[in-house]
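A.B. asks: Model the full assembly from the supplied sequences, consistent with the hints where possible.
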Amino acid sequence: MIYDTEAIFYAKDSLYLITKNRSQPFNGKALIYRIPGKKGNYKANYLGEFIPCTDTSSCKITAADISPDGKTIALLGYGKLWLFTNFDLSNFFEGDLKTIDLGISTQLESISFLNNKTLLFSDEQLNKTGRNLYSLRF
Numbered sequence: 321m322i323y324d325t326e327a328i329f330y331a332k333d334s335l336y337l338i339t340k341n342r343s344q345p346f347n348g349k350a351l352i353y354r355i356p357g358k359k360g361n362y363k364a365n366y367l368g369e370f371i372p373c374t375d376t377s378s379c380k381i382t383a384a385d386i387s388p389d390g391k392t393i394a395l396l397g398y399g400k401l402w403l404f405t406n407f408d409l410s411n412f413f414e415g416d417l418k419t420i421d422l423g424i425s426t427q428l429e430s431i432s433f434l435n436n437k438t439l440l441f442s443d444e445q446l447n448k449t450g451r452n453l454y455s456l457r458f
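Residue 401 in my numbering is what sits at position 81 of the sequence shown, and the numbering runs on without skipping anything.
Note that these hints are calculated values from the structure, not bench results. A hint or two may mislead.
Here are the simulated lysine-lysine pairs, BS3-like style, with alpha carbons at most 27 Å apart [said to hold, decoys possible]:
#	residue 1	residue 2
1	Lys340	Lys359
2	Lys349	Lys418
3	Lys391	Lys332
4	Lys340	Lys448
5	Lys391	Lys437
6	Lys418	Lys391
7	Lys418	Lys437
8	Lys349	Lys332
9	Lys358	Lys391
10	Lys332	Lys363
11	Lys340	Lys391
C.D. replies: If you want it as structure tokens, here you go:
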């Protein structure tokens, strides 16, 4: 099952949707789709796939954003961050990729660019952990 979509960002009049993989056995695959960013009924345009990694605990993509200058796309997982640069939007997953281990094992669920070089991200509360806001300058 690769249907769950939590990661969405808006760029150049389109919404980009990245699936959160729930396959069993887990294969790490995230599918990328694009739809127009205006009201209407559309069939999602499949752009391709990306395999961030195959570790079930950190490789599920939960959030996405694009920098204000449109030059960096950030994808967030449970403890990992993937940054794409030097890309074409129709296949950004083929751009230059930098993977960052955040050293956090909580349920990271949201990400937003504060500016072109600073990200804000947060985690959900689970039991007695979470409800934190983090920043990362890269």
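A.B. asks: Each of the hints needs a verdict: does it hold here or not?
C.D. replies: Now the hints, each set against the structure:
1. Taking the CA atoms of Lys340 and Lys359, the gap is near 24 Å; set against the 27 Å cutoff, the hint holds.
2. Among the hinted pairs, Lys349 with Lys418 is consistent with the structure: their alpha-carbon atoms are about 17 Å apart, no more than 27 Å.
3. The hinted pair formed by Lys391 and Lys332 meets the criterion: a straight-line CA distance of about 12 Å does not exceed 27 Å.
4. Our distance criterion of 27 Å between C-alpha atoms is met by Lys340 and Lys448, whose separation comes to about 25 Å.
5. Proximity of Lys391 to Lys437 is assessed by CA-CA distance (about 10 Å); at most 27 Å being required, the pair is judged to hold.
6. This hinted pair checks out: Lys418 and Lys391 have alpha carbons roughly 13 Å apart, not beyond 27 Å.
7. With a C-alpha separation of about 14 Å, the suggested pairing of Lys418 with Lys437 holds against the 27 Å cut-off.
8. For a cut-off of 27 Å, the pair hint linking Lys349 to Lys332 stands: about 25 Å separates their Cα positions.
9. Distance check on the hinted pair: Lys358 and Lys391 sit about 23 Å apart at the alpha-carbon level, within 27 Å; holds.
10. For the given pair, Lys332 sits about 18 Å from Lys363 by alpha-carbon distance, which is consistent with the 27 Å threshold.
11. At roughly 23 Å between alpha-carbon atoms, Lys340 and Lys391 fall within 27 Å of each other, so this suggested pair holds.
Checked against the numbered hints given earlier, the structure satisfies every one of them.
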